[in-house]
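Now for the letters of each chain:
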Amino acid sequence: MKKLYASIVIVLLVSLRLSAESLTQLEGSFKTGPAIILIATLLTFVLVGIFFRAKDPADYYAAGRKISKVGSGMAIASNWMSAASVLGMAGMMYGFGYNGLAYVVGWTGGYVLLLILMAAQIRKYGKYTAPDFIGDRYYSRDLRIVSAIFTILISFAYCVGQFGGIGLMFKWILGLDYSWAVIIGSSVVLLYTLISGMIGATKNMQIQYVIIVVSFLIPTFIMAFKFDYFWLIPQIGYGAAVTDIVQGIPAPNISNGVALLNAYGHDLSIVPSPEFAMPWDPSTGTTFFQWMAICFSLMVGTAGLPHVIQRFYVVPKVTDARWSVVWGLFFICIVYWTAPAYSSFGKLLSSNPEVGVLAKDAIVVYTAQLAGVNSLVVGLLAAGAISAAFSTVSGLLVAGASAFSHDLYVRVINPASTPRRQLQVARIGTIIMALAVTIVALLKLGLIAQLVSVAFSMAACTIFPLFLLGIWWSGSNRTGAKAGLFAGILVTTISLTYFIVGLGGGRLPGQEFISYWLNVWYFAWIGAPLAVIVNIVVSKFSAPTPLEIKRFLAEQVHN
Amino acid sequence: MESSDQFNFSLFRPRNLHGRKNRNVILNMLLVWAVAVFGFQILLRIIEKPTPEKALADFNSVWPDATVRDLKTVNYQTLLNSLILVKGKNMVNTDDQMILNKAISTITFSVAPDSLKSKMLSEISEIKELKSKIALSDGQEFLDIKSSILTLEKGFLENTALFTGLKSGSLEEKIYTASLTDEYPAALSDASLDRLPEIMKLYLTHNQSVLTDTLFLGFPFHYFYTAIFLLILFIGLCILYNVLIEWRLKKEGVTE
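Those protein sequence lines, which keep their order, are chains A and B. Counting along the first sequence from 1, when you hit position 294 you're at 294 in my numbering, and nothing is skipped either side. Convert by adding 1000 to the 1-based position in the second sequence; the result is the number in my numbering.
Everything labelled a hint here was simulated from the structure, so no lab data went into it. Each residue gets a CB set at the ideal place from its N, CA and C atoms; glycine is no exception. Careful: at least some of the hints might be erroneous.
As the list claims (entries may be wrong) - Partial chain B-side listing against chain A, Cβ under 8 Å, derived:
id, residue
1, I1026
2, L1171
3, T1212
4, L1231
5, L1237
Using the sequences provided together with the hints, build the complete structure.
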């Protein structure tokens, strides 16, 4: 173990030394320093993955239940903080102002629901995967199969945004075409997941968390210091930058007699831009309803995401499940308090017409570049963003592969399969899914945060109601669950159909109405409550839940 | 014999005292959570008022006359400034930017002396051509083109400073030069500029209230509340829930 850590440290130190000697070009070319940091980081992940690789299905699915609550909290945070958190969220605030904050609140507030309504109860129920729970609780093979399929679809939708983020960062570092960058990045993340499984992934997630946080925080201290904001706590210091954006800064902004300039030599100045901070500003094209719908959908989706729920199977005790949520949320918030700082500094630094509007999904890296932050630090930031995408993708691929292997293959297709065969099937599932995601990611269907929010709405409409009622109401039965799931799937299908038709330039009846009220980024605002109501109503009028299920819930899950 | 009803359970109908206390904690937490998140946004919505920026009032005071007759130079300058302030916002969409560019160019040529107009027009065309080349260049070629653009812009601004009233070296001046186009309507009354008042209203009106205008730790208060405080509250709620639940479990001697 010590040898492993020593070799990791040596690899990182050598790469830092080498990369310090090279300068970052601004755009469109191979960047030596960031590339070395990226390779060193990936090498570290692979080493850890090999060292802690899965030896049997229990290890592959649930890390052998050997993870502590703080470790699990770090893994939750790392698993959670994807390219959407590190790259996409700041991009949403940069592009859509206050409405971007709906993502910050939605992706953190959901953890309160997760803790209060789910975490400990899921651990007490004692199943490995979401379809396991649903199949068992609703005593239905059909529901197990459908929920397994939706687990795969949700993981798939989530992965598309991540692969897009990985592609963007590989493109920035390697100076490649986006398509090649996606293909190379996808191949690396697939290789890593295949050799590590979840136990390696869980260890890696802890390392990835440290890399994400360190790489994400350092540039904000530098930028706040450089542009004369309160740099000791940049998460507070950027508040004055928000106010400066609202009120405008006439050029030149002087600090200690020296004009503050961006990397292109432009004064740090901006015309009054209240639209950046004012709620649902008309000029951003967003509305109050959309803020509420996005926030609600993301919150409920958080509590229904299979790969998030799956984290609670890996903790040894019920109390650890509860505290791991708190630790996870705290670790997540460190990054979420910081992300708006990037959008604010990005807004200030790109206010000069010569810089122009920056690509939203790359705003984090561009902001650090424009601020003239050392190329080494910007490279580390890009590596951190890739780490974020990697950690999430590995968790998602494992969740998807688990659903394929454990819930479909073992439970439905071949119950007599050996553990070795199960592991093989899990790995084949991982490869198929990664290939399919790569193809969709190449289509660039939307911004990272938006693509990811589709997965949240899907989870909120399908998995969340089954868990919520399955845990908290013994009266919810198989028929009700099927009806509720059907309602959730119906809303999901309508929204996705209109979205896909709209993308192709087509029009269906009520296209504008559906595109606004059942938008693909937030359709769960109506889909999730509808699925819950249908489940309750149908359960009331159908055969009751069997005695043994009620008894198990009452005695084991609720003490 | 065991009855099915004996094990009936729901969040709202707990089976014992422990369950009732649990339910109360959960419902109270959910209430605080919902009010803090959604209640605050609803409050923001209720008390907000569409508030125009000063530039919109400036624009509205001049625009009606500008479409029917020639204005004094100072009024053109007011109009120009208000248009530049909108053009400088980097949330303006491409179509609206084109209209703003046209209006800015029309005003420029309305104010400029006739003797300068042809020179200005050729300089704008030259700058436009160089800007299209710079996007495809790198290295020394990039630096040379950049230098040529700066020289041309400097000369142009020296010639126009007297009637545009823009401060030398200001951001407004940079936005102005970036907006000029050689394809512009002859008068502000042209149909292609009909949407201008609508565009100005869109980008210069914001939903403001006492919650957005009050500063707290440097932030507009509502921004601090949503971006910083709510996250602290979420962590606080989670800790409180865990402490309460575990304290109760210990007190009641329940082992999980």
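Verification of the supplied hints:
no.	hint	result
1	I1026	holds, 5 Å
2	L1171	holds, 4 Å
3	T1212	holds, 6 Å
4	L1231	holds, 5 Å
5	L1237	holds, 5 Å
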